[in-house]
Every structure is written in structure tokens, then in C-alpha cells.
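Novice: Full structure from sequences and hints, please.
There are 2 protein chains.
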Amino acid sequence: MDEFLIKFSGKKSKYKELQEHIKHLIISGALPHHYKLPSIRKLANKLDVNPVTIVNCYKSLEREGYVYTISGGGTYVIADNNLTNLNEDFIDQSSTHNIKYDLASSSPSPLFFPVKTFKNLLNEVLERDGGFAFNYQESEGYLPLRQSLQSLLTEYKIKVSHHYIHVITGGQQGLDVIAKTLLQEGDYVFTEEPCYPGAIATFSSRGAKVIGIPIREKGIDLVILEKELKKYNPKFIYVMPDFQSPTGYLYDLTHRKKLLELANKYSFTIVEDDHFADLNYSQTKLPPLKALDINDNVIYIKSFSKVFMPGLRLALLVAPPLFNEPLQEAKQFSDISTSGFLQRTFDLYLRKGLWNEHVNKVKLIYQRRCQSMLSALERHFPSCVKFSKPQGGLSIWVQLPEILKAKELQKVALKKGISITIGDDFFIQRKENFFRLSFTNLSEKEIEKPIKELASIIKGML
Amino acid sequence: MDEFLIKFSGKKSKYKELQEHIKHLIISGALPHHYKLPSIRKLANKLDVNPVTIVNCYKSLEREGYVYTISGGGTYVIADNNLTNLNEDFIDQSSTHNIKYDLASSSPSPLFFPVKTFKNLLNEVLERDGGFAFNYQESEGYLPLRQSLQSLLTEYKIKVSHHYIHVITGGQQGLDVIAKTLLQEGDYVFTEEPCYPGAIATFSSRGAKVIGIPIREKGIDLVILEKELKKYNPKFIYVMPDFQSPTGYLYDLTHRKKLLELANKYSFTIVEDDHFADLNYSQTKLPPLKALDINDNVIYIKSFSKVFMPGLRLALLVAPPLFNEPLQEAKQFSDISTSGFLQRTFDLYLRKGLWNEHVNKVKLIYQRRCQSMLSALERHFPSCVKFSKPQGGLSIWVQLPEILKAKELQKVALKKGISITIGDDFFIQRKENFFRLSFTNLSEKEIEKPIKELASIIKGML
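In order, the protein sequences belong to chains A and B.
The UniProt record's numbering puts the first residue of the first sequence at 1, with every later residue one more than the last.
The UniProt record's numbering puts the first residue of the second sequence at 1, with every later residue one more than the last.
Just so you know, these hints were derived from the structure itself, not from any lab.
All figures in this text were calculated on a predicted structure; none of them were measured in a lab.
Heads up, some of the hints might be wrong.
Claimed, not checked - Not everything, but these chain A residues come out facing chain B in the computed CB check (under 8 Å):
hint: 1; residue: L111
hint: 2; residue: V115
hint: 3; residue: N120
hint: 4; residue: L122
hint: 5; residue: N123
hint: 6; residue: L126
hint: 7; residue: Y164
hint: 8; residue: Q172
hint: 9; residue: S205
hint: 10; residue: G212
hint: 11; residue: M309
hint: 12; residue: F341
Here a beta-carbon is modelled for each residue, glycine too, at the ideal position from N, C-alpha and C.
Specialist: Here it is, written out as C-alpha cells:
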């Protein structure tokens with residue numbers, strides 16, 4: 001922590017001088033995002049000042065939006081322009097650094113990542129494999145991991161040989177290799193509407209025409225879907241049957257089966273994106289489409305970003321035999337292979353049976369946060385504002401009266417230190433009165449306050 | 001190592017029974033590729049047998065191609081079908097498991113990866129950043145790493161702000177995002193010929209037409225290039241000025257400057273792929289095109305796979321201002337972001353000033369292996385066989401007389417446990433009498449034998 005050493009000039013108060021110094025370290029990038037600042041006691045000792053000086057300095061940095069604190073967990077450098085959220089949701093919130101209540105990011109909370117366990121496994125892999133852990137890996141994935149994944153998938157009733165299981169560098173890469181394999185200029189693709197904007201962008205960038213089919217509480221609108229199927233001949237339809245992003249809706253069994261029937265009748269492929277199936281807070285678990293897919297019409301992607309850790313960039317893809325080789329080739333030409341080192345470590349994690357334990361732990365946490373947010377919404381939001389009541393996932397989808405724009409709400413909320421994700425980009429036919437609230441990054445107790453604040457802003461807009 | 005425990009039935013000799021058991025563990029995938037088997041002493045103790053039993057068992061497994069030994073370094077499970085090579089060079093060598101002399105793979109040798117150092121840094125990052133190390137990262141890359149890379153690039157005379165430096169998931173992803181950004185169906189792309197097949201495949205898969213311009217010892221053929229430029233209007237030309245893959249040729253300063261002039265005159269972009277500039281065994285260091293690029297015509301990719309460790313999947317891309325945002329967007333839609341955990345660790349590696357030390361170490365090793373292979377080629381190969389005399393990189397490019405096919409040589413060599421990479425796929429206008437010999441995976445002493453063997457096969461074919 002030598003970078004914190006300064007010679008006080010005595011021209012300003014010590015806490016001010018130290019604050020300027022740390023600000024400079026942050027702006028210059030010398031302290032990375034989310035860097036944990038030294039504890040108050042340690043830094044006070046190091047600089048030989050009263051701990052109160054450090055307390056004042058850190059508080060002041062926090063007020064100015066350079067750092068954030070985790071109660072009992074220390075002080076951290078904030079991400080520049082809150083970029084972590086930007087990346088994920090493509091929403092510009094750069095107008096402020098000073099977000100106290102992050103309801104925008106649906107990234108899982110880093111506080112619940114199994115860091116210690118994973119660290120031990122990283123070391124175990126390096127002890128075992130040495131340099132080979134850092135060599136090229138097969139582009140379809142590290143064989144033992146594919147076998148572990150085969151066994152994991154049986155828990156979701158998906159029975160498939162590891163020959164059809166591909167390790168990919170995150171769910172987004174799955175969409176990319178599928179687009180590369182199946183799409184050519186002018187092809188049609190159907191998606192749910194609203195839909196994850198990263199998917200729409202990926203399909204469009206291959207020159208495909210994307211048609212949105214409305215999603216309802218129990219699944220995609222099958223009547224409209226069949227009507228559109230009579231007009232167009234889509235290469236595939238992209239769906240998230242479990243806690244769809246952004247709505248949080250869950251397909252019932254009827255919608256699942258009917259969608260598979262339609263795929264057979266109209267000969268299209270279904271791309272099933274499973275980010276959230278593990279975060280199911282209800283008692284009923286429905287089989288993924290892939291588990292019901294007797295005709296090999298489903299390409300299945302399971303991401304480990306939302307339930308586990310996004311920084312690993314790990315997901316799996318299950319290919320129908322017909323597309324198995326082309327998808328592998330597309331993956332190979334995308335990035336050769338996914339990091340073998342991270343694959344080996346994740347393999348060990350699965351083999352040691354740690355997966356379910358982790359899932360159960362985070363499920364409980366997020367379930368409580370979800371309930372806490374839902375009840376705050378019930379209490380504070382005016383009745384003209386509708387919101388989903390998801391039984392899984394990491395966020396709630398909110399619909400304002402049509403006369404209101406979510407963007408306006410976002411602007412005012414940001415000034416009060418609250419970030420939300422507006423819905424505009426999730427629509428192909430743009431709608432401006434929707435927004436998404438995520439409950440991943442606030443504790444149960446913290447959730448009430450920003451919801452109350454949002455409610456009061458909305459009431460003021462009405 | 002409980003998986004090695006067996007109850008001997010007594011029906012066969014103990015070493016045979018153990019061998020069957022381990023074979024089963026390997027085939028079933030219970031032992032991953034490159035898994036280090038227990039030491040002879042340890043396993044003998046564990047199973048309460050004579051060490052000779054283990055020695056015989058391991059030797060027999062090696063003869064059958066299930067394991068390989070590193071002299072003084074233990075016994076390892078072989079990669080299934082030698083897939084590591086397949087991924088990289090797309091050559092099917094699955095006809096044998098029993099490769100004693102790997103001259104095909106130009107992957108760097110895992111024996112020289114700085115595993116211990118890197119392990120310490122991985123732990124340091126996790127101590128410092130905790131769960132945040134595993135969160136989403138900005139899609140352009142972890143800011144402190146981009147700043148470290150900015151400083152690293154000045155050593156190559158490339159002066160560019162970190163705003164134009166993107167962290168990407170390996171060099172291949174660089175080609176992919178460039179293709180996504182610049183190419184549409186029917187566009188023309190020029191490459192050197194012969195050329196890395198992964199590049200040709202990536203450009204073709206966007207519907208581009210790839211035209212090969214011959215590469216000579218001092219760089220791309222400028223006369224033919226200009227002739228073709230008058231006929232076509234390529235979106236970009238893809239080149240490797242430093243130790244081109246597969247030829248190992250090095251552009252001289254004239255060729256570098258002239259290429260930049262042509263780019264200006266005919267308005268095309270240059271994609272400069274730097275895999276090998278660090279592995280320069282000569283005394284002269286030429287500036288990369290990007291360092292001479294006053295007109296912002298060059299997109300520069302620097303891979304850390306060949307010189308450092310491929311399993312990290314890390315490379316950097318320098319974008320001209322015009323393409324800065326579109327390239328970042330294409331990266332984002334490819335895999336959101338490169339693993340933040342690995343980025344943070346590599347950043348620490350650079351900040352601790354370990355890069356040059358590593359480069360100097362491996363450079364010396366590979367330089368000696370290069371010399372050793374060149375002198376073996378001089379001694380043994382008939383004079384009708386031509387080969388490059390590279391002053392850098394990891395392999396030598398060999399030209400057989402036109403009546404001979406490299407594929408035939410490959411077949412016979414494989415039977416003798418020698419793998420080579422044939423040149424066919426490196427050509428757009430297919431030629432069949434070229435092959436590539438890599439010297440990464442054999443020690444100086446080991447190189448003579450397989451070269452002598454290859455020479456004798458070639459002489460037999462003449």
C-alpha cells in the first residue's frame with residue numbers, strides 16, 4: 001500500500017490532502033475498480049495520523065462518488081461510470097458516479113461468490129496440471145468438464161452425451177456461434193418481445209431480420225406466433241422459458257410443449273437460453289425445452305454467469321446432432337477455445353459436488369430480496385403502475401402508465417442516487433413506459449428506501 | 001489418488017491388471033488430459049507392490065499411446081487424439097495416439113510457462129479484489145490492464161492512449177471482431193499466401209472473398225499486391241510482418257513502409273497480426289506497422305498466446321479512432337468481456353515488471369531449438385528440399401519438390417511417431433508440397449532424431 005504514502009504539505013487539512021491524493025490514484029487508474037482501500041486502522045498507522053482523518057477522508061470520497069462502502073466489509077473504488085452495468089445492459093448512466101442504490105445491474109452480487117473455495121481449487125489445478133493448465137484446450141471444451149456437465153445436465157432431465165456438449169465463453173458467445181452457424185443475410189429470426197438486447201444485436205449484425213412475438217405471463221403468445229409462422233420462415237426462435245429476461249415470466253408446461261410442436265410442424269430450430277432456471281423460488285420445477293426435445297429441434301445454452309460467477313466467462317451449449325460440427329467450428333473460429341485453466345477449475349468444482357450447495361445458498365438470498373422488493377412495491381407504488389411477480393430470476397419488470405416515460409423517471413432517480421434499467425432497448429417495436437428493477441445488489445433492509453423514493457418520483461410525474 | 005486403488009484378481013500379472021485399470025480411467029475421462037500420474041514410489045506404496053510393477057505398467061501405457069513421459073518430470077495422460085494440435089492447425093492426425101516427436105504443434109511448451117509466479121499473482125488478485133475479480137468486466141477491458149498495455153506498447157514504439165486499446169479473448173477473437181466490423185457479404189479481403197487458415201476461415205465465413213498475395217522472404221510481393229489493388233478494392237489486408245505464419249518470413253523496413261504507402265494510396269485498412277515479434281532471435285528489431293502508422297490505417301493485434309500462455313486467452317487490439325467504437329461493440333456482442341479475473345492477474349504480472357524477464361528466458365530456449373533444428377535440416381535433408389531460415393517464431397517452413405505430396409510424408413511419419421503440419425490448408429490456391437516443422441516441444445538434443453527420420457522418409461519417396 002505504498003501508493004497511499006503522502007507527505008502532507010500542511011496547506012489543507014490532512015483528510016483533504018489525503019482525499020485529493022486518493023482521488024488522483026483513482027482517476028489515473030492506479031487503483032483499479034472495486035479495489036479495496038486499506039482498512040482505517042492500517043492506513044492511519046501507515047500514515048501516522050488519527051484514524052478519524054481516514055474516516056473523514058473515506059466518507060468524503062464516498063460522498064463525491066469515488067468509492068463505495070460495504071457495511072462491515074470495507075471501502076472500495078467505484079467502477080468508472082458504473083461501467084459494469086453499462087456493459088451488461090447497454091444503458092448510459094454516465095451522468096452520475098454517485099449511485100447509492102443500484103437497481104439497474106442484474107449481475108449477481110460478488111459478495112456471494114464462492115471465492116475462497118474457488119481459490120483453493122485454482123491452486124489445486126495448478127498443483128496437478130502445472131503449465132498444461134495454461135495450454136490450448138480443445139475448442140469443444142475440456143473433456144472431463146464436458147463429462148461433468150453431462151452429469152450436471154441429468155439433474156435438469158437433459159440426457160445427452162458429452163459429444164454434444166460444448167464449453168463456450170459465456171452465454172453471449174452461444175448466441176454469436178449460433179448466429180454464425182444458422183444465419184445468413186436476409187434470414188428471419190423470431191424472439192420474444194421484450195427481449196435481451198444483446199441477442200437482438202447479435203442476430204441483426206448477421207443481417208437477419210428480427211421479429212418480436214409478445215411474451216405473456218405463461219409464455220410466448222402462441223396464437224400470434226403461429227400467425228407469424230404462416231407468413232415467415234424463421235431460421236430459429238430465441239426464447240428464455242425460465243424467468244425470461246427482462247420480464248421474469250415463466251413458461252408453463254403447455255406453452256413449452258406447444259412451442260416444441262410448432263417447431264416440428266413448421267421446421268424451425270428453438271434456441272433455449274437458460275440463465276435463471278437455477279434461481280427458481282417456487283416449489284415447481286418445469287423441465288427445460290431441451291429435456292422434452294425428442295425431435296432434436298432445440299439448441300440449449302446454459303450460462304454460469306448469473307447463478308455462479310460472470311467473470312469466469314463460462315457457459316455450455318448442447319447441440320442437436322445436425323448442428324454439432326458446424327457449431328464447434330464456429331466456436332473455434334470465434335476464439336479457438338475457452339480458457340482451459342478456468343475450465344479445469346470449474347470441472348473440479350463440479351466434481352467435488354459443490355454446485356448444488358452454492359445454488360441453494362444464493363437462491364435463498366435472492367428469494368428473500370425478491371420478496372422484500374415485491375412487498376415494497378406493493379406498499380409504495382401507485383396502483384396504475386403494474387409489475388411482474390417473478391418466481392425466479394434477479395429482477396422485476398415494471399410498466400408505467402403509457403403517458404409516462406421510463407427515461408424521465410431514470411433521470412430523476414439518478415439524481416437521487418438510484419439507478420434503474422429502462423425498457424426501451426428490450427423492445428423491437430420501441431415502447432418507452434417500461435423499466436426493470438433488479439434486487440441483486442441490495443440487502444432486504446436496503447430495498448425499501450429506494451423503492452419508496454421511486455414511488456414518490458412516479459407520483460410526482462403523474 | 002484413490003482412483004488408482006484396485007484389488008488385484010491375480011488372473012493376470014499385477015502390472016497388466018493395473019494397466020487395464022488406468023487405461024479405463026483414461027478412456028472414461030476420469031483422468032483428464034495431461035493429468036500427472038502418481039510417482040512410481042508413491043503408487044507402489046499405495047498399492048503395496050514392487051516399484052518395478054509400476055514402472056512396467058507406465059512403460060506399457062506409454063508404448064500404447066495412453067501416456068507420455070517428461071524426462072525427470074513424470075508421466076502424464078496424453079491428450080485424446082492429440083487434439084491440442086488439431087484445434088490449432090486443423091490437421092487430422094487422429095490416426096495415431098502414439099506421437100513421440102511432436103513437430104506439428106506450434107503451441108509454446110507448457111514446461112516454460114511461469115506457473116508458480118502466476119499462481120502467486122492469482123492468489124494476490126483474489127486477496128485484493130475478492131468476488132469483484134469474478135464479476136463482469138468492461139467489454140473494452142479492465143482499465144488498469146489497458147493502461148499497463150499502453151505502457152508495454154511503448155516498448156514496441158507504439159504510442160497510443162489506452163482509449164484505443166481493447167483487451168480481447170485471444171488473437172482469433174481479434175480477427176472475428178474485425179471481420180464483424182469491416183466485412184459484409186461479397187467484400188474483398190487480401191491475405192498473404194500462404195496464410196494462417198483460421199484467418200481465411202473467419203473472413204470467408206462473413207461471406208468475404210479472400211485473395212492471396214504471395215509472401216517472399218522480405219515481405220509481401222508488392223508488385224503483385226499493387227496489380228491486384230488496381231483490380232479489387234479490398235476492405236483490408238491481413239498481414240503478419242514479424243515471422244509470418246507459416247513461413248517465418250520477416251518484412252524488411254522497405255516492405256513495411258511501402259505497404260503503409262499503398263494503404264494510403266488505395267484507401268484500405270491493414271490488419272497487423274503480431275504473434276511472434278517478441279520471439280526475435282536476431283539483433284535487429286523492426287518497428288511494427290502500427291508504430292509507423294501516421295495515417296491511422298492499421299488495426300494491430302498482439303496475441304499473448306505464443307509468447308506467454310495460450311490458456312489465458314488474452315490478446316490486445318489497437319483500433320484506429322474511426323473503428324474504435326464499432327470494434328468495441330463487436331467485441332461486446334461476441335462474449336461481453338474477457339475474463340476479468342485473468343485480466344487482473346495479467347495486469348499484476350505486467351505491473352511487477354515480469355514480462356521482459358519471461359520473454360528473454362523463452363526467447364533463448366526457442367532460439368537454441370531453432371538453431372538445432374536448422375542445423376539438423378542442413379545435415380540430413382536432401383538439397384532438393386528447401387526450408388526457411390527464420391530469425392524468430394516457433395517453426396520452419398519446408399518445401400518439397402513439386403512431385404512429392406506433404407500428405408504422404410505426414411502419413412508415413414505418423415507411423416514412426418512423428419507429427420508434422422502439412423501446408424495444404426495454408427494456401428488459398430492449394431499447394432500440396434509444403435509442410436511446417438515446429439521446434440517448440442522438443443529439446444535441442446531430441447530434435448536431431450526425428451529430422452533424420454523425416455529425411456530418410458523423403459529420400460525414400462524421391
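Novice: Now tell me, hint by hint, if it's right for this structure.
Specialist: Hint check:
no.: 1; hint: L111; verdict: holds, 6 Å
no.: 2; hint: V115; verdict: holds, 5 Å
no.: 3; hint: N120; verdict: violated, 10 Å
no.: 4; hint: L122; verdict: holds, 6 Å
no.: 5; hint: N123; verdict: holds, 7 Å
no.: 6; hint: L126; verdict: holds, 5 Å
no.: 7; hint: Y164; verdict: violated, 15 Å
no.: 8; hint: Q172; verdict: holds, 5 Å
no.: 9; hint: S205; verdict: holds, 6 Å
no.: 10; hint: G212; verdict: violated, 18 Å
no.: 11; hint: M309; verdict: holds, 4 Å
no.: 12; hint: F341; verdict: holds, 5 Å
Hint compliance for this structure: hints 3, 7 and 10 are not met, and every other hint is.
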